[in-house]
Amino acid sequence: PPVACSQPGKVEEGRANAMEVVEKRMAGKVEEKRMAGKKV
Numbered sequence: 014p015p016v017a018c019s020q021p022g023k024v025e026e027g028r029a030n031a032m033e034v035v036e037k038r039m040a041g042k043v044e045e046k047r048m049a050g051k052k053v
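In our numbering, the protein residues as written are 14 to 53.
The hints are simulated quantities; they were obtained by calculation from the structure and are not laboratory data.
In this text the structure is predicted, and so the values were computed from the model without any measurement.
Worth double-checking, as some hints may not be accurate.
Label pairs and their computed distance ranges (CB to CB) [stated by the list, open to error]:
| id | residue 1 | residue 2 | range |
| --- | --- | --- | --- |
| 1 | Val24 | Glu44 | 28 to 36 Å |
| 2 | Lys51 | Lys23 | 38 to 46 Å |
| 3 | Gly27 | Arg47 | 28 to 36 Å |
| 4 | Lys46 | Glu26 | 41 to 49 Å |
| 5 | Val43 | Lys23 | 40 to 48 Å |
Below, simulated SDA-like cross-link-like pairs (lysine to any residue); rule was C-alpha separation at most 25 Å, straight line [claimed, not checked]:
| id | residue 1 | residue 2 |
| --- | --- | --- |
| 6 | Lys51 | Glu36 |
| 7 | Lys23 | Arg38 |
| 8 | Lys23 | Glu33 |
| 9 | Lys37 | Ala49 |
| 10 | Lys51 | Ala40 |
| 11 | Lys46 | Val35 |
| 12 | Lys23 | Val35 |
| 13 | Lys23 | Lys37 |
| 14 | Lys46 | Lys23 |
| 15 | Lys37 | Val24 |
| 16 | Lys23 | Val34 |
| 17 | Lys37 | Arg47 |
| 18 | Lys51 | Met32 |
A virtual CB, placed ideally from N, CA and C, is assigned to each residue, including glycine.
Put together the whole structure using the sequences plus the hints.
This is the structure:
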C-alpha cells in the first residue's frame, strides 16, 4: 500500500516494538521459572 511506502519508518518501528514485547514476555517467563525454582 502507498501509505506503507510513504512511511517505512513506522512499519519498522512497529515491527521492532512487537519483537521487544515478545522478548520481554520470554524474559518474564524465564524469570518466573527461576523464582519458582528458588522457592521449591
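We went through each hint and held it up to the structure:
{"no.": "1", "hint": "Val24 with Glu44: 28 to 36 Å", "in the structure": "holds, 31 Å"}
{"no.": "2", "hint": "Lys51 with Lys23: 38 to 46 Å", "in the structure": "holds, 42 Å"}
{"no.": "3", "hint": "Gly27 with Arg47: 28 to 36 Å", "in the structure": "holds, 31 Å"}
{"no.": "4", "hint": "Lys46 with Glu26: 41 to 49 Å", "in the structure": "violated, 31 Å"}
{"no.": "5", "hint": "Val43 with Lys23: 40 to 48 Å", "in the structure": "violated, 31 Å"}
{"no.": "6", "hint": "Lys51 with Glu36", "in the structure": "holds, 23 Å"}
{"no.": "7", "hint": "Lys23 with Arg38", "in the structure": "holds, 23 Å"}
{"no.": "8", "hint": "Lys23 with Glu33", "in the structure": "holds, 15 Å"}
{"no.": "9", "hint": "Lys37 with Ala49", "in the structure": "holds, 18 Å"}
{"no.": "10", "hint": "Lys51 with Ala40", "in the structure": "holds, 17 Å"}
{"no.": "11", "hint": "Lys46 with Val35", "in the structure": "holds, 17 Å"}
{"no.": "12", "hint": "Lys23 with Val35", "in the structure": "holds, 18 Å"}
{"no.": "13", "hint": "Lys23 with Lys37", "in the structure": "holds, 21 Å"}
{"no.": "14", "hint": "Lys46 with Lys23", "in the structure": "violated, 35 Å"}
{"no.": "15", "hint": "Lys37 with Val24", "in the structure": "holds, 20 Å"}
{"no.": "16", "hint": "Lys23 with Val34", "in the structure": "holds, 16 Å"}
{"no.": "17", "hint": "Lys37 with Arg47", "in the structure": "holds, 15 Å"}
{"no.": "18", "hint": "Lys51 with Met32", "in the structure": "violated, 29 Å"}
Comparing the model with each numbered hint stated earlier shows that hints 4, 5, 14, 18 do not hold.
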